[in-house]
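Protein chains: 2
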Amino acid sequence: MKSIPIILLGCGGVGRQLLHHIISCRSLHSKQGIIIRLVGVSDSSSLLVSDDIMLSGMRNEFLAEICHVKSAGSPLKSLLNHGHCQLYTGQGALENIVSIASSLGRSTGLAVVDCSASAETEQVSSLGCCVVLANKKPLTCAIEDFEKLVSHFRRIRFESTVGAGLPVIASVTRVISSGDPISRIVGSLSGTLGYVMSELEEGKAFSEIVRAAKSLGYTEPDPRDDLSGMDVARKGLILSRLLGWRINLSDIKIESLYPSEFGPDSMSTEDFLSKGLWQLDEKLKERVATASSKGNVLRYVCVIEDSRCNVGLQELPKDSALGRLRGSDNVVEIYSRCYKNSPLVIQGAGAGNDTTAAGVLADIIDLQDIFA
Amino acid sequence: MKSIPIILLGCGGVGRQLLHHIISCRSLHSKQGIIIRLVGVSDSSSLLVSDDIMLSGMRNEFLAEICHVKSAGSPLKSLLNHGHCQLYTGQGALENIVSIASSLGRSTGLAVVDCSASAETEQVSSLGCCVVLANKKPLTCAIEDFEKLVSHFRRIRFESTVGAGLPVIASVTRVISSGDPISRIVGSLSGTLGYVMSELEEGKAFSEIVRAAKSLGYTEPDPRDDLSGMDVARKGLILSRLLGWRINLSDIKIESLYPSEFGPDSMSTEDFLSKGLWQLDEKLKERVATASSKGNVLRYVCVIEDSRCNVGLQELPKDSALGRLRGSDNVVEIYSRCYKNSPLVIQGAGAGNDTTAAGVLADIIDLQDIFA
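Going down the list, the protein sequences come from chains A and B.
Residues 0 to 371 in numbering that gives the first Met the number 0 are what the first sequence spells out, letter by letter.
Residues 0 to 371 in numbering that gives the first Met the number 0 are what the second sequence spells out, letter by letter.
Don't take every hint at face value.
All copies of an identical chain are treated as equivalent in the list; a pair is satisfied when it fits inside any one copy or across any two copies.
Simulated crosslink set (SDA-like; lysine to any residue; CA at most 20 angstroms straight-line) [what the hints assert, rightly or not]:
1) K135 <-> S206
2) K1 <-> L366
3) K284 <-> G82
4) K339 <-> G326
5) K282 <-> G311
6) K30 <-> I175
7) K30 <-> G243
8) K30 <-> K147
9) K213 <-> R323
10) K1 <-> F370
11) K135 <-> G243
12) K252 <-> L78
13) K147 <-> Q31
14) K135 <-> Q122
If you're looking for bench data, these hints aren't it; they were derived computationally from the structure.
Remember, predicted model here, so these are calculated numbers, not experimental data.
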């Protein structure tokens, strides 16, 4: 039996779903000769560490209890009396993560699984442990810090940072390692913006689409967090860096779907939705019509090509994988020597806690050969 | 530096392309800290083994020479005087593969890379070495032999047996290990039949399409080798077994595109092309029309669902990934809990020596954590 000790950072939607997946996969993984041993778990205020990190991990009942307590919005520390574990808070929590990473990293091995939104992971990557990320932050920092983080490339996995569980990173990594040079990646990497663009194509007004998407829960609480393109840019940055490009977020040209005078600094979310949004309808309608007059469709994509990553609206052929996209699926087209005229296409749901956590779990299992 | 010693079985189109890729990726792999060390290479009649298998492998110049000699149709043994190596023939070749696999498998590790059409690999899989397959034969044998072959699942890779270099096996493996149960796989896994079906959709006659495809080099020398569906069935079997199903080729329902009275036992290739083929036009035209009248299109696919694998013609929705397929691309749709209404889709070129060999090379590199 191979034992993979993990520390989970972050108990939000993805982290909790991961705990559920770990529980329900116990017998499947055991048949594959693998035990995932949760030795620690943190939320934004504290870290719970199992009493015996060398031998056992937290039990299924305790993992379920963690999920229960966290979905109710309570802090991890309220669990202290339920399990055989120690609690550390504030600076002590980080120090303990570093100390566990340092001791297990060198003995049994450890995977630090980051489903948080913090930047702590950078500090543990040099301690000999593996890192699995759903969190984009550690990968979109300064290029020097990124390079430090991925310097042991086989010890890090980050599939769920782009397209959730879709095998985008794994596929790009395979193409690169086979010596097939990638010349271009084009991706629709936001379910929200994919939905917006296909509704625009149907002739609906932008303001109407965004308001409907918000009420359906497809957008962030402030839809400008989606419409700014920043999240797509971060995913584009991760893919660009995977190709070996030494670029930063500031090198990416990002086209926001709203002008800066409608930004959060100048306008509340309510004002944006009621007063700002409809003023954008006409311009987008025109751009859709212009694209259509050339037999194209308008998509919000990241284009990675010629050492540049651009994020924004693009006219694309109607009969390409991206042009045919409907609804909130993500699509990535990869062009290389082997996939020259017709790209390698990966398509599917690219968001949601279930599929994101499934991608994280597949990453953990993929690290198994490093463990004893 | 990690050293991955390999023995290459088979010097056909894929094997030679792999040698070219290994040469041209030397500096890329070296930057990743990997050296692929070719210690032996075989063709159908003999095995060349490097003089010092423990320390060095065959040099780039010698690999190029092997490609040169084999593309000219000469046997490997004509190279004996060009390199520092031993030649073994007949039973001696196999015995030496076993002996190298046995000694290196236990010391430095060894990957046996099977780009042949033989069934020898089965005999080396139990010797502690890794196995990489482009050859479908060892995976489509009796289920008991298959299970023996994949019993150390992390030591075997076979991406290029389904969809050439397309990341189909890697993606299915990820979905499985994340505990996301796969309910259905539908795939158009023959570039030739994909081309035939999309030409039928354009209204062309079956006989005309097949003759054109043959003259363009899209088909096997006897097009019935494609039209029988046997190759698709083998790929379907590999995918079904990957899902854990204990089935054999004989359990798969295969619909051939020609009746048995037109088979190779009753009719020469020439007679089939000139006299048999056109008699099939009307029936296929009708089936395309029937599908079209329901808003569907006709595709030749393997359907893996409810513990059964069926291979043959299926009516599929026009606006699905498979329905939109044009030309010779392969497409695989994977349905699971995470990819329920909208499947995970992988699409791209699924044939050709370049992309098949690229898939084999990515598999070799993916084994690196097992090597010292």
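- Check each numbered hint against the structure and report the violated ones by number, ascending. Structure breaks hints 1, 3, 9 and 12.
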